[in-house]
Amino acid sequence: MTATTVNPKARRMGRTGRMLIALVVVALFLAYLSPVIWLVMSSFKNRVDIFTTSPTVFFKPTLDNYTVAFQDKGFGANLQNSVIIAVISSAVALLVGIPAAYRLSRHGSRFQGAFLLALLSARLLPAMVLSVPLFVLANKVGLSGTYLAVVAAHLTFAIPFTVWMMRGFFLAVPTSLDEAARLDGCSETAAFFRVVLPLTKGGIAATAIFLLINSWNEFLFALILTSRDTATLPVGIPNLLTPIGTFWGQIAAVATVTVVPICIFAFAVQKYMVAGLTGGALANE
Amino acid sequence: MLGLVVLFPLAYSIKLSFQSYSPIIPNHTGQWVGMDNYQRILHDGDFHHSLIVTAIFVVVAVSLETVLGVVVGIAIDRLRRMRRFATSALLLPMILTPLVVGLMFNFALNAQFGYLTWVFNTLHVAGGDGVLNGSVGALVALIFIDVWEWFPFVALMVVAGLQTIPKEPLEAASIDGASTRQVYWHITLPLLRPILGIAILFRATEAIREFDKVFVLTGGGPGSATAVNDLYQYRVSFLNWDLSYGAALGLVTFAAVLALSFLMYRSLRRKETAR
Amino acid sequence: MAGISFRDATRRYAGTNAAAVSGLNLEIHDGEFMVLVGPSGCGKSTTLRMLAGLEEVDTGEIYIGDREVSQLPPAARDIAMVFQNYALYPHMTVGDNMGFALRMAKVPKSERDRKIQEAAKLLGLEEYLDRKPKQLSGGQRQRVAMGRAIVREPSVFCMDEPLSNLDAKMRVRTRTDIASLQRELGVTTVYVTHDQVEAMTMGDRVAVMNEGVLQQVDTPLALYDRPANLFVAGFIGSPQMNLLDGVIDDGAVRVGGYTLSGTPGSWPRNGRVTIGVRPEAWRIVPAEEDGISIEVNVVEELGADGFAYGTSSNEATPHHVIVRVANRYSVRKGDVLRLAVDLDKAHVFDTETGQRLST
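Residue numbers (our numbering), protein chains in the order written: chain E, 645 to 929; chain H, -18 to 256; chain B, 48 to 406.
Misleading hints may appear alongside valid ones.
What the hints assert, rightly or not - The calculated lysine-lysine pairs, modelled on DSSO-like cross-linking and capped at a C-alpha distance of 27 Å, are:
{"hint": "1", "chain 1": "E", "residue 1": "Lys915", "chain 2": "B", "residue 2": "Lys162"}
{"hint": "2", "chain 1": "B", "residue 1": "Lys162", "chain 2": "B", "residue 2": "Lys179"}
{"hint": "3", "chain 1": "E", "residue 1": "Lys784", "chain 2": "H", "residue 2": "Lys(-4)"}
{"hint": "4", "chain 1": "B", "residue 1": "Lys153", "chain 2": "E", "residue 2": "Lys845"}
{"hint": "5", "chain 1": "B", "residue 1": "Lys181", "chain 2": "B", "residue 2": "Lys156"}
{"hint": "6", "chain 1": "E", "residue 1": "Lys915", "chain 2": "B", "residue 2": "Lys156"}
{"hint": "7", "chain 1": "H", "residue 1": "Lys148", "chain 2": "E", "residue 2": "Lys915"}
{"hint": "8", "chain 1": "E", "residue 1": "Lys845", "chain 2": "B", "residue 2": "Lys181"}
{"hint": "9", "chain 1": "B", "residue 1": "Lys179", "chain 2": "E", "residue 2": "Lys845"}
Claimed, not checked - Negatives, chain B to chain E, calculated, CB over 12 Å:
{"hint": "10", "residue": "Thr57"}
{"hint": "11", "residue": "Glu231"}
{"hint": "12", "residue": "Tyr271"}
{"hint": "13", "residue": "Pro311"}
{"hint": "14", "residue": "Glu336"}
{"hint": "15", "residue": "Arg375"}
{"hint": "16", "residue": "Ala387"}
Hints in this document: simulated from the structure, not taken from any laboratory. The structure displayed is predicted, hence computed values, not measured ones. Ideal placement from N, C-alpha and C gives every residue a C-beta, glycine not left out.
Using the sequences plus the hints, can you model the full thing?
Structure (structure tokens):
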């Protein structure tokens, strides 16, 4: 937008010029995304097509990798575990984080600054630092290998994320709206549910989706806190890299299944992407 | 709630770091050892090596991401009809499961049948035994992959930042006779500096904790060539089961990350107020 | 309907030394239109928000009618408020916005609709009831905000700078609309503004505030004619009152070498004073008469009359002086004018305390 004013050349460019630019852009991005494309293609290839020294672009697609991985090797269970853990941890994070974020966005208290700083530090906390105590604690109380242990571990980043994200959305709702609602006869809680919440629906949906993606993608906590029965998809996949041989076709299939839902979700919240990736540190859009 | 899920484990970790605890090493049953674990850090050559690897990885990767991100961000900003397509395509790598990203490149760079190996061989840019099997090649590959995954973050921030820049200074500069390139260099980039600072801060603090991709790409190898800090800690805690020492290493890392981000944030702030 | 009474009401924000509003005593009569005016940060909005229950009252009491309300939640005070940014609920239609309070009060739908219709008719909003606030112009939104207040038939209207988001023309029109609407409904109204013209034209009485302290409460004309202190003198009136440095010397009031004519008031025999002269209070006199001379820098012709801005050559007040000139083109840039003023047209203030000395 801004560039057009300082660059009259762009405006003078003809149709062919623009077509050419479009072609170059598409080609660049095809090359850029080729690892992803290659992975998805490989998931439909049979062994022979995968293990060739020069890449095969045209092949006869097969669903064998999917059926073997999800029916015979039990990745269906991993899929289910990923869903359960992501949904529960996101729901808890929203339930705890939204009221906290609302309070932080409205009442200027003395502790607010300190609390926000603590939240920020919590977001800087490397997962590796928490993994040791969480592992030892989970073993001591006998929660190791349960959903609860992983959910709790995911909450360590999910709650601070929710508070930061939602605080931004709540700050965008003028305080005078809650005040008007309270003068109109609402209690503080009713003002929140009837006025503020409907106005931040989009923000809550975006936060929820980012929570799901973050939990879904998480690897380290899941690796050390789950057992065979509760392992998520990212934990399960490396099992296919065995000393006897690597089942690349099946890896590609499971990886594709891991990645497809988050892609769909991500494009639904594209306009909140900057906010989501910076955890609400930067405003939306 | 936050206290329960974060502060308690953190406090427990501090306690653990002054003990000697391991589920498998004999005589490590949780007795107090004072500062022993921290003293060990000072003389741990493997740890120091991991710090060097981490430093190289973070500095090179984040620098490349910043430069590439700015260039691509500005280019995207100048696109018109392709703009939406370009931003969508850039989003993809960032939201992909990091473990899958690692696997994907492990696959693509496979010495026998990886399609990127084939490309490299055809162009004669790399030797025949696979990039990941050489210690330099593996680190370069790791950096390359991180840049592939994360330069869009900087680019996206630049695109967002460019939209908030007021038009008037740009117009004033072009009236003052600056060429397009001069406008970018003298006006746009300085105006983008705050948002770039935030982007770099985010990238640096995240790159310091790199684990998933290394784990599945090289496992830290060959040898310890790509054993970044978090991977080394993983080896200590969950391969050697030296959990107390792992706790101490973790706390030292956290303190370093906090200090580093505080310093970066401060210099960011100071530049802001100085203007 | 009810009067309002502030009794020693004080609001102090945490972490600040000075009170936002300190020891406010103010009686507002039933059905009165009271304007709170002052520069930003003077405590006028805090006062209004304390009345509405959006701000705590740290010490003192507030009565609406004979009910002490300072501890009641906003909803229990029977107050409607018009906000500066209107605070319309963006996700509700105009009708729903106006009816929200009634819905909260569980008023039956038929009665609710009737009241909404009535208010909409009064404000000319009938065709917009199904629209969302976003689809309305600034003036229409303002009227919806008014409508939302009217529908409730409250005992008090609170208005917090309701005109400041409108353009100049709209503001003048809405000003008279609000004033006449209030007179028609007869609801006690407290209106906050920083614009002294709004205050003067709308209020039955005007309360001038500065730095958290009430300066003066009176009818607009009384404020103009007898400002109680230097702050009110400088704040009310446009262009501003001229404030000249002077002395009382044995009862006589002097500005430099110029002694004002007229009967001295009952002020001290000696002391430093500030003399306030409204631009229209000057007499332009021949050069040989006693007075102060100014050289005209700028003449602002407003059509009916005009104002000349000049620099005084008087040794005591080498200030800018503003004088109203009645006749077109009688004064030009560069002219030297001789100005005099009678004591009964001037306002004498104690420079030290700022308090009014003349009666």
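Outcome of the hint check:
1. A C-alpha spacing of about 41 Å is found between lysine 915 (chain E) and lysine 162 (chain B), which places the hinted pair above 27 Å, so the restraint is violated.
2. For the given pair, lysine 162 (chain B) sits about 19 Å from lysine 179 (chain B) by alpha-carbon distance, which is consistent with the 27 Å threshold.
3. Of the pairs offered as hints, the one joining lysine 784 (chain E) and lysine -4 (chain H) holds, with about 15 Å between alpha carbons and a cut-off of 27 Å not exceeded.
4. Between lysine 153 (chain B) and lysine 845 (chain E), the direct Cα distance comes to roughly 26 Å. Compliance with the 27 Å bound is thereby established for this hinted pair.
5. Distance hint between lysine 181 (chain B) and lysine 156 (chain B) is fulfilled; the C-alpha atoms sit about 25 Å from each other, no more than 27 Å.
6. For a cut-off of 27 Å, the pair hint linking lysine 915 (chain E) to lysine 156 (chain B) is broken: about 39 Å separates their Cα positions.
7. Restraint check for lysine 148 (chain H) and lysine 915 (chain E): satisfied, since their Cα atoms lie roughly 22 Å apart, inside the 27 Å limit.
8. Annotation: proposed proximity of lysine 845 (chain E) to lysine 181 (chain B) holds, straight-line Cα distance about 18 Å (limit 27 Å).
9. Taken as a hint, the lysine 179 (chain B) and lysine 845 (chain E) pair is honoured in the structure, with Cα atoms around 17 Å apart against an allowance of 27 Å.
10. Non-interface status of threonine 57 (chain B) relative to chain E is upheld: no Cβ of that chain comes within 12 Å, the nearest being about 19 Å off.
11. Here glutamate 231 (chain B) stays apart from chain E, with its beta-carbon at least about 22 Å from theirs, past the 12 Å limit.
12. Look at tyrosine 271 (chain B): its CB is around 33 Å from the nearest CB on chain E, clear of 12 Å, so calling it non-interface holds up.
13. Distance to chain E confirms proline 311 (chain B) as a non-interface residue, since its nearest Cβ pair spans about 52 Å, more than 12 Å.
14. Even its closest Cβ contact with chain E, about 58 Å, leaves glutamate 336 (chain B) beyond 12 Å, as expected for a residue assigned away from the interface.
15. Distance to chain E confirms arginine 375 (chain B) as a non-interface residue, since its nearest Cβ pair spans about 47 Å, more than 12 Å.
16. Residue placement check: alanine 387 (chain B) keeps its beta carbon more than 12 Å from all beta carbons of chain E (closest about 52 Å).
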